[in-house]
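> As given, the protein sequences belong to chains A and B, one line each in that order.
Per this note's numbering, the very first residue in the first sequence carries number 367; after that it's consecutive.
Per this note's numbering, the very first residue in the second sequence carries number 42; after that it's consecutive.
Hints listed in this document are in silico derivations from the structure and should not be mistaken for laboratory results.
Where is the CB? At the ideal position from N, CA and C, for every residue including glycine.
Where hints are given, some of them may not hold.
So these bits of chain A aren't anywhere near chain B, every CB distance computed over 12 Å [claimed, not checked]:
| id | residue |
| --- | --- |
| 1 | K398 |
| 2 | A400 |
| 3 | E411 |
| 4 | Q418 |
| 5 | P453 |
| 6 | S470 |
| 7 | E472 |
| 8 | Q473 |
| 9 | K484 |
| 10 | L504 |
| 11 | P507 |
| 12 | D508 |
Straight-line C-alpha distance at most 25 Å; calculated SDA-like pairs for lysine to any residue [what the hints assert, rightly or not]:
| id | chain 1 | residue 1 | chain 2 | residue 2 |
| --- | --- | --- | --- | --- |
| 13 | B | K173 | B | N44 |
| 14 | A | K455 | B | N188 |
| 15 | A | K407 | A | T467 |
| 16 | B | K173 | B | M82 |
| 17 | A | K484 | A | D454 |
| 18 | A | K437 | A | L506 |
| 19 | A | K407 | A | Q418 |
| 20 | B | K111 | B | Q142 |
| 21 | B | K65 | A | H482 |
| 22 | A | K484 | A | R463 |
| 23 | B | K111 | B | S141 |
| 24 | A | K484 | B | C157 |
| 25 | B | K59 | A | I456 |
| 26 | B | K65 | A | Q418 |
| 27 | A | K484 | B | V67 |
| 28 | B | K143 | B | C157 |
| 29 | B | K143 | A | T513 |
| 30 | A | K422 | B | H181 |
| 31 | B | K65 | A | D485 |
| 32 | A | K437 | B | L92 |
| 33 | A | K437 | B | P135 |
| 34 | A | K484 | B | Q170 |
| 35 | B | K173 | A | G486 |
| 36 | A | K484 | A | T461 |
| 37 | B | K111 | A | T426 |
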Amino acid sequence: MMRSLGLRWAVFCGFLLVSSCARTPTSASEFKVAHLPPTPKDLIEAVLASNQISLKVSSTCNNVGTESTDKTIGRYLAGFLAEMQVPDKINWVETTRETGTSTSGEQVWICNLTLHHKDGDDLWSWGVRFKVRQSDGLVLPDSFECTGAG
Amino acid sequence: MVNLNLQLLSGFLGNHIKDICPNKYVSDSDNHCAHFVSHVMGYTFGVTCRLMGQANGPGANIRVQEVFPKCPQVGTWAARPASVTMCLVFITNPSNVNLSQKVFQNVPRKHIGIYCADLIWHYSNSQHQVVKQTPEQFSHHYPAPDNAMFYGTLPL
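Full structure from sequences and hints, please.
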């Protein structure tokens, strides 16, 4: 049941991300999370809303796309979401948050969204880390990093 | 540069990544193939466990696509010169690799190990430990067509 829900979520998000990539990448518009502190749903919404952020935002995002033409956070995540479509494999989405400070010293939540896949030695976890300002819930676009290994 | 030899690699056999990484980047949900290789070889370039984990010790690169272009010479496994007796070995779908431009796409099914003494030492993410295999055994790491093997001479 969980696996099925995860798959449906992945397909839905993949559709949203891929369809949004028809636009030319621009600087991200301001986005605030729906609740303070943000819920898992709020963090996922924040990432979806930030899909046009350039992969140049952080050196951790160099060459993370599944295709060399990938230019945005949305396109990067869409590549791995597309790999989660096989229904008999283990896929899940993880969100986390912890308190921290921004580069300018503001109190923030350090948030992670990670896409996980597990099928024997075909095991990976790729995602993003970003900061949300605690005072007003603003997602800090320049804070995005790309997480994952392998 | 690390003095790569059988004794060094044997010391890692059976180790979990938590026995190797001082930066606590050790989740079993993460893929540690490049992470293991980089700790053994001392590859500190690019995105490291120190950057992404807790900075307690020397960092090691954690991404295959960043290690591959650092290899001075790359090629298909079949084309590996006889003189190359120690090198890195990669496995993936051949469409993910551009040898002339030395580019390795960040696709899910890719893996890396160290070739030494006719064996390949790598981190098994399913067994959560360092293992050694013959090249023939390693060629079954992924099913076809994701099992094309490539060599890369050791980054300096």
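> List, from low to high, the hint numbers that the structure doesn't satisfy.
Violated: hints 9, 24, 26, 30.
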